[in-house]
Structures are given as structure tokens and as C-alpha cells.
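Q: Here is how the chains run, residue by residue.
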Amino acid sequence: MKKVLQGNSAIARGAWEAGVKVACAYPGTPSTEILQEIADSYPEIYVEWSTNEKVALEVASGAAIAGARAMASMKHVGLNVASDPFMTLAYTGIKAGLVIVVCDDPNLHSSQNEQDSRNWARFGKVPMLEPCDAQECKDFTKIAFEISERFDTPVLLKGETRVSHSDSPVKLEERKEGKVPLGLDPKNVPKYVMVPINARVRRKIVEERMKKLEAYADKFKYNKMEINSQNIGVISSGVAYLYTKEVFPEYSYLKLGMVWPLPKKIIAEFFKKVKRVIVVEELDPFLETEIKAMGYKIFHGKDVIPNMYELSPEIVEQAIKGKGYKPPKIKVKPADLPRRPPNMCAGCSHRALFYSLKKLGAYVFGDIGCYTLGAAPPLSALHSCICMGASIGGAHGAMKALGKEGLGKVCAVIGDSTFLHGGVTPLMDVAYNKGNSTTIIADNRITAMTGHQEHPGTGFTVRQKSTHMVDYAELARVLGIKNVRKIDPYNVKETMQVVKEELERDEPSVIVTTNSPCIMLRREKRKFANPYYMIVTDKCRGCKMCLEIGCPAISWKEGAGETKDGHKRKGTVMINKAVCVGCELCAQVCKFEAIVPGKV
Amino acid sequence: MMKKNGKVTNIFLSGVGGQGTILASNILTEVFLDAGYDVKKSEVHGMAQRGGDVTTHFRFGKKVYSPLIKYGDVDFLLSFELLEALRYINWVKDGGKIVINKQEIFPPAVNLGLAQYPQDVEKIFKKYFKEDVCMVNGQEIATKLGNVQAANVVLIGAFSNFFPEIKEEKWIKAIKGLLKEKLHELNIKAFKEGRKAL
Numbered sequence: 028m029k030k031v032l033q034g035n036s037a038i039a040r041g042a043w044e045a046g047v048k049v050a051c052a053y054p055g056t057p058s059t060e061i062l063q064e065i066a067d068s069y070p071e072i073y074v075e076w077s078t079n080e081k082v083a084l085e086v087a088s089g090a091a092i093a094g095a096r097a098m099a100s101m102k103h104v105g106l107n108v109a110s111d112p113f114m115t116l117a118y119t120g121i122k123a124g125l126v127i128v129v130c131d132d133p134n135l136h137s138s139q140n141e142q143d144s145r146n147w148a149r150f151g152k153v154p155m156l157e158p159c160d161a162q163e164c165k166d167f168t169k170i171a172f173e174i175s176e177r178f179d180t181p182v183l184l185k186g187e188t189r190v191s192h193s194d195s196p197v198k199l200e201e202r203k204e205g206k207v208p209l210g211l212d213p214k215n216v217p218k219y220v221m222v223p224i225n226a227r228v229r230r231k232i233v234e235e236r237m238k239k240l241e242a243y244a245d246k247f248k249y250n251k252m253e254i255n256s257q258n259i260g261v262i263s264s265g266v267a268y269l270y271t272k273e274v275f276p277e278y279s280y281l282k283l284g285m286v287w288p289l290p291k292k293i294i295a296e297f298f299k300k301v302k303r304v305i306v307v308e309e310l311d312p313f314l315e316t317e318i319k320a321m322g323y324k325i326f327h328g329k330d331v332i333p334n335m336y337e338l339s340p341e342i343v344e345q346a347i348k349g350k351g352y353k354p355p356k357i358k359v360k361p362a363d364l365p366r367r368p369p370n371m372c373a374g375c376s377h378r379a380l381f382y383s384l385k386k387l388g389a390y391v392f393g394d395i396g397c398y399t400l401g402a403a404p405p406l407s408a409l410h411s412c413i414c415m416g417a418s419i420g421g422a423h424g425a426m427k428a429l430g431k432e433g434l435g436k437v438c439a440v441i442g443d444s445t446f447l448h449g450g451v452t453p454l455m456d457v458a459y460n461k462g463n464s465t466t467i468i469a470d471n472r473i474t475a476m477t478g479h480q481e482h483p484g485t486g487f488t489v490r491q492k493s494t495h496m497v498d499y500a501e502l503a504r505v506l507g508i509k510n511v512r513k514i515d516p517y518n519v520k521e522t523m524q525v526v527k528e529e530l531e532r533d534e535p536s537v538i539v540t541t542n543s544p545c546i547m548l549r550r551e552k553r554k555f556a557n558p559y560y561m562i563v564t565d566k567c568r569g570c571k572m573c574l575e576i577g578c579p580a581i582s583w584k585e586g587a588g589e590t591k592d593g594h595k596r597k598g599t600v601m602i603n604k605a606v607c608v609g610c611e612l613c614a615q616v617c618k619f620e621a622i623v624p625g626k627v
Numbered sequence: 033m034m035k036k037n038g039k040v041t042n043i044f045l046s047g048v049g050g051q052g053t054i055l056a057s058n059i060l061t062e063v064f065l066d067a068g069y070d071v072k073k074s075e076v077h078g079m080a081q082r083g084g085d086v087t088t089h090f091r092f093g094k095k096v097y098s099p100l101i102k103y104g105d106v107d108f109l110l111s112f113e114l115l116e117a118l119r120y121i122n123w124v125k126d127g128g129k130i131v132i133n134k135q136e137i138f139p140p141a142v143n144l145g146l147a148q149y150p151q152d153v154e155k156i157f158k159k160y161f162k163e164d165v166c167m168v169n170g171q172e173i174a175t176k177l178g179n180v181q182a183a184n185v186v187l188i189g190a191f192s193n194f195f196p197e198i199k200e201e202k203w204i205k206a207i208k209g210l211l212k213e214k215l216h217e218l219n220i221k222a223f224k225e226g227r228k229a230l
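Protein chains in written order, with my numbering: chain F, 28 to 627; chain P, 33 to 230.
Careful, some of the hints might be misleading.
Anything over 12 Å on all C-beta distances counts as not near chain F; from chain P, calculated [said to hold, decoys possible]:
#, residue
1, Glu62
2, Leu177
3, Lys221
Below 27 Å or equal to it, Euclidean Cα-Cα: the simulated DSS-like pairs (lysine-lysine) are [what the hints assert, rightly or not]:
#, chain 1, residue 1, chain 2, residue 2
4, P, Lys134, F, Lys356
5, F, Lys29, P, Lys205
6, P, Lys125, F, Lys360
To be clear, the hints were calculated from the coordinates, so they are not data collected in a lab.
Here the structure is a predicted model, which is why all the values come from computation and not from measurement.
Note that CB positions come from ideal geometry on N, CA and C, so glycine has one too.
Chain F on its own, in the form it takes in the complex:
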């Protein structure tokens, strides 16, 4: 039976068909759907949202060592977090299959950097498969488990935006359990205890394994030659292969399904069959560098194919045709049209919090999540964003550098899920090293940005079963933070007062927002006193103060006029009743009492 599946769903299906028993992940675009799909569709698999990617990989590795096929999935920056267990698991190997799915985000659609995960395969000395469509996503996931068990190694499976988030037909098959029996082996200490004396032995095994994998790569049936033209041949992999095939169907191809290690014999054969070889790959010159190092001359590679942002059929076509490429005619310049950037939702509690921080003039060390949008105008109230958890460490470091000068000026803002992911350890550091920074945990009760995933602070598991719920205030106290306060971010006056006091305090503080769930989270919807707010046109002076909060429900309407008591104005504002949720922030911002509760 054929069914259209998204690349990520196909990976989930592949894991199920491969008999996977344990699957772990931390949500991150474009990888999130893999675990969500397993949770929703495959009850045979134990599945969890882990607190971060390092934990996810550690849990999966434990399951594999216990004889269960296991999978950890994450986005590219997630593998940086998980790199510590990853680099050593390459030494220990596994017992039952262990597959690590890593999904890149070329063009940074929703990420803080653009990195090519193939480098992790070379760095970690771990094989990597790269599917190009949903069928290959499923097939390669299953093959990855076979390779993992056959060569006693974790295997990387590379997704990326256009593979993970593309849908195409997939042939469905049945689930087949792996052949490795469940059970731990206490006698196998030298294999799994990576103290130097054992690790040195494993180090050599890693190199021997790479040799065997190289030989396997030459027989791997998804390293495939298609000979058409004898003049030009393309070496490519993943979605880059599809783009090239689309625009140059007449060329010959070597399509690599395994991108590390490389099939040296097949590559040699390809160079014999075609006169000129072009390497087309997204991001880094990974294949190109390796192929050049093998001693081959390539006709084109990164000299014409861009090494940043994502590729597309026309980019490949333009690069290879050069001056012969004719672009389509421009009818309207897109740059002339208003952009439509993502925005915090109407009624979002982060908007209220950032408005207060802006009024206080604080330098805000931000973090990864919806609240990063606080950096966008008109709020412009967030000043740095590096990686998950960096807000707390950053604010601490800045305060240490500034000394007493920094009091009253610096804070860290971190979301609930991100705090649990990477914020607990730096917060412990703040207390331990006698810092004096302020950490605001913006608790909206869910991992919002990736589409509402549960975490240890929500009280629910991935399959919506009730579970233990972390109390952030208690946790902070245990870590050594004496000053822990709660704020209702929708109350601007109170929020400003509390934050000001804590910013000025020469001790570490934690402030937790309360009763501030994501406005889209039906389960915990905050009840506002009024269903919506409206403008009293008689009173609106057109001062635009309410526009400063950047609420999508409020818009400006040009038109000279005057208030009832005779103040001239250039326009008024309007509130879209259908979008407003009644959070009241705009009414608190308005100095002229021109924003009032709407009628029920």
C-alpha cells in the first residue's frame, strides 16, 4: 500500500517497521514531527520528550545497550548539545541498533545558525545516510539500524528542511523486531566503560570499523550510478540530487545514499565513465573536499554552487549554466511589498513582560523560543540570543564584568522548556559563584515555538498522561537562589516594580511568571475579565503609544481629526475584535483612557 507521508513521518514509520522500542527527542524544527508521529501512531514504541538532546541520546543509548533498537532525533544544533555522548558512543558502539536522526536547516528558516551535520559524521567517525525523499527516509531508517548492528556503531541519519518537510508516496510494510535479544551484559565492561585503558583499545576498533564501512559503502546499493551523458556527470546526495536531476535530466549521476564514509571504488569508476564531474551539494564542500583529496579533478563544485543558504532547482541551474541562464521576468519587486515576519500572538504573555522590561531600560540576555521575537520592533526589548540556556550564563558573565555598575540594568529571560533544557546548570553556577544576576523564567506552560510539546514542567508526558510537574521556584531555591518571586506579567505596574527591585538587588534572583500560559494552549487558557477591548474614538489622541506593544489586533488608521475635548490628532487606532483576546495590555499602556472593555 502506498501512502503520502512527510519525510519526518516516514522516518517514524521506518523506525516502527525496524522494530524500534525506544525513541527520544527534544523538539526542534525541522525534526519535531518524527517523535510526535511515533507518539501519535505507534503505541508499541516507548517515546519521550527528553529535557534536552544530550539526555535524549543518553536514554536511547542505554536502551540500545540493553538490547532494544533505539532512536534519538534532533535538529542540527541539537547534535551540538548531544555531541558529548555522541563522540564517545562512537567508541563504545552499541548492542541493538542505535540511530541518531539529525535534521539540518539550510537557509536558517528557524534556527540560530546554519551548520552542515555531515561534518559531525567525519568528526565522530560514524557512518551517515542521507535520504532525498520520504520513501528513502523510511528505507534508510531501516537500513541504518541494520548497519548499526552489523558494524556495532551508532548511525547518523541526516534530514533537512526540504526532506523532513516534504511529502511524497511511501510503500508501507510490516513491523519486524530486531534480532538482538533484550538483556544487559555485566561482563562487557571494557566495551562500555570508557576509562583511558579501555578507550585506547576502542580507539583502534573505531579505525578498523571505518575501513570495513568504507568497503561496505562500495557495495551499498543506494550509492547509485545513473549513466546518461558521457560528457558530464554529477556527484550529489539528498535533496541537492533532486534539484540537479530536475534541471539537468540528461547528465549522468552518482547519487550517494551514504555520505560518510565515501565509496572510493564507485567514485573512481564514475570518473572513468564520464569526462567532466560536477559536485552539487548543499552547504559545505564536504564531498568536494574529500573527492579532491582522493586526487581527482572536478569540473565544478563550490566555485559555482553557493556554500550558504539552501539550494533550489533554479540556483543549481543558474550556477551551472552561468551566463547562459535566463531568469524569469520580474513583474513586481518583492522588496517593495510589506514583509510578514512572525509575531507574538495577540494576548501573548511575553509581549506584556517585554513591554515592562523595555520601560525599565534593561539589557536583556534572551534565549531560544517564541520570546526571542521580543527582539523585533516595535518591542525591540531583547538584546542577545545565542543558544539554549545561554541567557542565564550570559547575564551572569555580564554582571561579573560590570560589577556594581551592572545593577539594575541586566537580566536573563528564558522560557520554561528552555530553562529545563539548558538553564538549570547555569543557574546553579550563578548561585555557586556568588553572582547577582536576575533570571526571569517566562513560563507559558508548554514548548510553544515548535508547536506545543510537553516538558517536565507541564505535568503531562508526550502521550498526554499525567505526570510529575517541576516547581520552578522550589527548584531555584534548591539550586541556591534565595530570592525567588512570582509575577503576573499582564500586570505591568506590578511586574515593573518586582523586576526593578530584583535587578537592583546585589544577590542572584529568579522571577517566575505565573498564570501566563501560551494563548494558543487550550488546556490552560487564562481567563481575562473582558473578552475584548475597543477604542473610544472621542478620546483617542492618535499618540500611537498602544502601537508600541506590536499587538496584531491593533492597527493605525490615518485621518486628521480631534478628540471630544479638542485635542488635534493625525489619526486613530482600531482594535480588531476578532483577533483581540482581552489581555488588557493596551489599556494599561494608554494614557488617555481611550481603550475600554468591549461589550459582551
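Keeping the supplied structure of chain F fixed, place chain P upon it in accordance with the hints.
A: Relative to chain F, chain P alone:
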């Protein structure tokens, strides 16, 4: 264009987060797979979950390679919002067909009075594509049926007229397969009303 051995057909969908662009493209995917074609669909979401722009590339044919349509090679543009239609006008090839939902959703810069929402979008399209431009009042039709949310399916109904060889049952089967049962009646009505709107 519709012969099974013919070329690949490129459909580009654009809209604003929350309008149901992705559901609409899922309906297309199911229908054309059911009709015996190879299909590929690719969308961008993530940061665009709420209020950002959403685009979907959908392609069908005997064999489809790239999940992305080549710039300037769109056969059909199906847009759920006027500005988001205009943003992708250059993607449409000469002779391409265009279906636009007559709805304006202001982006933040327009709300703040910092930018102008484009005027006469229909006219700009007519200038280049003449009678190949179809405007549908999806919002009004869906509202009359009792749920504005069904505007995307109204548009799909209108769009289905371009593929007369695909029977109505196939579209309805896809709608039923993708939506919860309690939404079937409304959406089938929305589809049929949309079909009449062109």
C-alpha cells in the same frame, strides 16, 4: 497537461499562518496520488506558525524529482490572501492560472502605519495574466455556510474546476480522510459551493 505521461504540473499555494494553506495542499496531495500520479509537496513552517507567511510547493506528474518548483515555473498559483498572492507573482509562468481569495490580512508594518498594503492587486494580476485570473470570495461563502475557517476548502472547490477529469468523489474522499468527522458536512458543502463559484 493532465496526461499521465505528460510533464510535471506545478502548483504554488500561499497564505498567512492559520488560514489552512497546508491542509489545502494536503487535499491536493491525496487527490492526485489517488488519481495515479507521483506527487511531491514541500512547505515552510516553524517560525511562521502564527501570522507569518506560509507557502507550499505541490507538484504532480508521472515522475517528480524536486520537491521545490523552479522559480518562474508555476502553472497554478492558489493564494488565500491578496498580498501573499502578489508576493509570488514572479513565480508564475506566462499563461499560468491564478486563483485568489479576496481577503486582506494586514502584516505588522501595515498595522503600525509604517507600510502601505498594496492596492489593486487584482488589476496587477489582470495586466499580466488577463482572463487567467480568478477571484473568489472564500471568506464570504464560508461565513454564509457558518464557519469562516472553511474558506480554504471553498478555494480548493473553485480550484478543482481546472481538473475536470478528476471526479468530485475523489476530492470529497480526500476531504473526509483529512478532517475530523464532525467537520465533514461543513467542508463538503464548502467544497461544492467553491466549485460553483468559478
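Q: Could you run down the list of hints and mark each one as holding or not?
A: Here is how each hint holds up against the structure:
Against the 12 Å criterion, Glu62 of chain P falls within the reach of chain F, whose nearest CB is about 7 Å from its own CB. Under the 12 Å C-beta cut-off, the non-interface status given to Leu177 of chain P relative to chain F holds; the minimum distance is some 17 Å. Lys221 of chain P, annotated as away from the interface, keeps every beta carbon of chain F farther than 12 Å; the closest lies near 22 Å. In summary, the hint linking Lys134 of chain P to Lys356 of chain F is supported, as the alpha carbons are separated by about 25 Å, within the 27 Å threshold.
With a C-alpha separation of about 16 Å, the suggested pairing of Lys29 of chain F with Lys205 of chain P holds against the 27 Å cut-off. Between the alpha carbons of Lys125 of chain P and Lys360 of chain F the distance comes to roughly 16 Å, so the proposed pair stays at or under 27 Å and holds.
Going down the numbered hints, you'll see the structure goes against just number 1.
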